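Chemist: Let the hints inform the model, and build the full structure from the sequences given.
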Amino acid sequence: MAVFLAFVVYPFGYALWMAGKPSLYAELIDDRLYLPTVANTLLFVGLGVNLKMFLALLLSGFFMRRRWWIRALLAVYILPWALAAAQACVSFHWMLIGEAGLINRVLFELFGIDGPIWFNDRWLALGSNIIVYIWKWMPFWTVIFLAARIRIPRDIYDSAEIDGATGSRRFIHVTFPLLANLYLVCTLLSILWAVGDFTTVYLVSGGGPGGFTEVLATLGFHYAFDAARPALAVAAVISALPVLIPLVIILMRRLRTSEVQV
Amino acid sequence: MSAAPSSARLAHRRSRLRRALIEAGSVILGVALLIWSLTPVYNMLLIALDPEEGEIEFTGNLWPPEPSLDAFRDVVTQEARYLEDFWQQFGNSLFIGLLTMVLTVLIGSLASFAVSRMRLSKGSLLTNTALLTYAIPASFLIVPYYRIVHTFGLTNSLWAVIAAQVAFAVPFAILILQLYASLIPFELDDAARVDGASVAQVYLRIYLPLMTPALAIVAIYALLLAWNDYLYPSVLLSPRNMTIAVTQGLLFTDSDAEWNAMMAAAIIYVLPPIAILFTLRRYLVTGLGGMKG
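Top line first, the protein sequences correspond to chains Y and E.
Counting from 1187, one number per residue, gives the positions in the first sequence under this note's numbering.
Counting from 19, one number per residue, gives the positions in the second sequence under this note's numbering.
Since the hints were derived computationally from the structure, they do not count as laboratory data.
One should not assume that every hint holds.
[Unchecked claim] With the Cβ distance kept under 8 Å, some of the chain Y side facing chain E (calculated, not the full set):
1) 1255
2) 1259
3) 1265
4) 1269
5) 1270
6) 1277
7) 1278
8) 1280
9) 1288
10) 1363
11) 1366
12) 1378
13) 1384
14) 1385
15) 1428
16) 1431
[As the list claims (entries may be wrong)] Derived coverage of chain E by chain Y (criterion: at least 3 residues anywhere in the stretch with Cβ under 8 Å from a Cβ of chain Y; other residues may be distant):
17) 43 to 51
18) 149 to 157
19) 230 to 243
20) 287 to 298
Just so it is clear, the structure is predicted and the values come from calculations on it, not from any experiment.
Ideal Cβ placement from N, Cα and C applies to all residues, glycine included.
Modeler: Put into structure tokens, the structure is as follows:
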């Protein structure tokens, strides 16, 4: 506990102290990058997390099937999770860069399309970041859901089948209600982590073009280490707290109800 | 009477068709997932096998015309530019990764055991405080953390990085472990206590073995978090003392870097976590199977 206090609570308090001055926030609002950054963060987290969690939930059902090749595929599928985020992001960056990247070459060779210059357009660059984010983190959550699905007792499915629930109906009325709480908890947790995702944006689009795909985490980093304005950096990230703290409170509540249920 | 068998046959045929469709669909999905997961890895491999140093462009060949393992050799013998300290940095990664894993599992399992099994009255307070730290994502705390490490004189110390990683991994560990622990019936503990087992014995003999799958997830999570993290080591450590995950990101904009060697290093770097992932995966599957039964 002492270690925990020293390494988490102390930086936390220190951060609040650093970001105490109201004038910092006025300066933030005046920065032409701050508001687009907030919008980007919302889009990145909102789209990225929800798409990822929903796909992970569906795919965990796919990986429940008992086939030898699906098991082998699972091993390949979790590879992105094991791969260092930095290298994977660099690889993505090169796949997307200009005409010479793998993606645009494949588009040209197969379909004769001239691919766009991905990082010159704010929305394409932001989209790329989201796709890379999903690529990197979907396997992790799929494994979590898979572990939960395996725990659902077989006889629940058997009795559901007798009642005539199969296929998509089984998913909506049996599987999903059982996993709903876990799904919500995981989504909230994932939102909290995605807000802090630094590597993806920093290395895939690099915040480009012209800083218009920055998210709060990278903007803070630039303020602190490129512009040498640490207090401003802390203020930038602290400004996300009013949204994050309610999320954590919901998370705590959910956790307590889940304990009671099980 | 004659309609019954034919409708049964029809239903049979329809279900066979359905099954075939599902099978075909899952094969297509499988192939799509394979391409989705492997394309960036394939891109890395292409660059690594290319004998040209700075070549990052896609040449249009599905396989390099003259694949060579020179890049891999340069990495292992530390001859590649910017990778002179490859093994030193590799060792750092290993040290940070393994210690983070061990400490997270230890602290997380003890804390969740205390909260969920010993019926502490203020137990939920501990979990909640731990969770509250996630209100500020790790990357947001880098600036204050950097300053604190500086005042403590811990700059360039691997322990500073380990402490940060453990601090950020433990709340998740407690969360997952507690969710799983609630599935273990309390009667088991009580029965053991009646038989005269001490708290420590309940922890070692009952709690830990039953929690294996969750512990495996937590261990892999902590290891990968520390092994792959970019931000904390890059800010807290000096270049020579870096982890590999960082070296490559730092040289991202450097056109002078030997990218084939960098990508070869990346591929070597991913092998240890994969090895650990697969060792623990067995535990994961058997543990989950045991729970189901």
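Chemist: It remains to establish, for every hint, whether it holds in the given structure.
Modeler: Going down the list of hints, with the structure as the test:
| no. | hint | result |
| --- | --- | --- |
| 1 | 1255 | 7 Å, holds |
| 2 | 1259 | 5 Å, holds |
| 3 | 1265 | 6 Å, holds |
| 4 | 1269 | 5 Å, holds |
| 5 | 1270 | 4 Å, holds |
| 6 | 1277 | 4 Å, holds |
| 7 | 1278 | 6 Å, holds |
| 8 | 1280 | 5 Å, holds |
| 9 | 1288 | 4 Å, holds |
| 10 | 1363 | 17 Å, violated |
| 11 | 1366 | 14 Å, violated |
| 12 | 1378 | 5 Å, holds |
| 13 | 1384 | 4 Å, holds |
| 14 | 1385 | 5 Å, holds |
| 15 | 1428 | 10 Å, violated |
| 16 | 1431 | 5 Å, holds |
| 17 | 43 to 51 | holds (count 4) |
| 18 | 149 to 157 | holds (count 9) |
| 19 | 230 to 243 | holds (count 4) |
| 20 | 287 to 298 | holds (count 6) |
Consistency with the previously given hints fails for numbers 10, 11, 15, ordered from lowest to highest.
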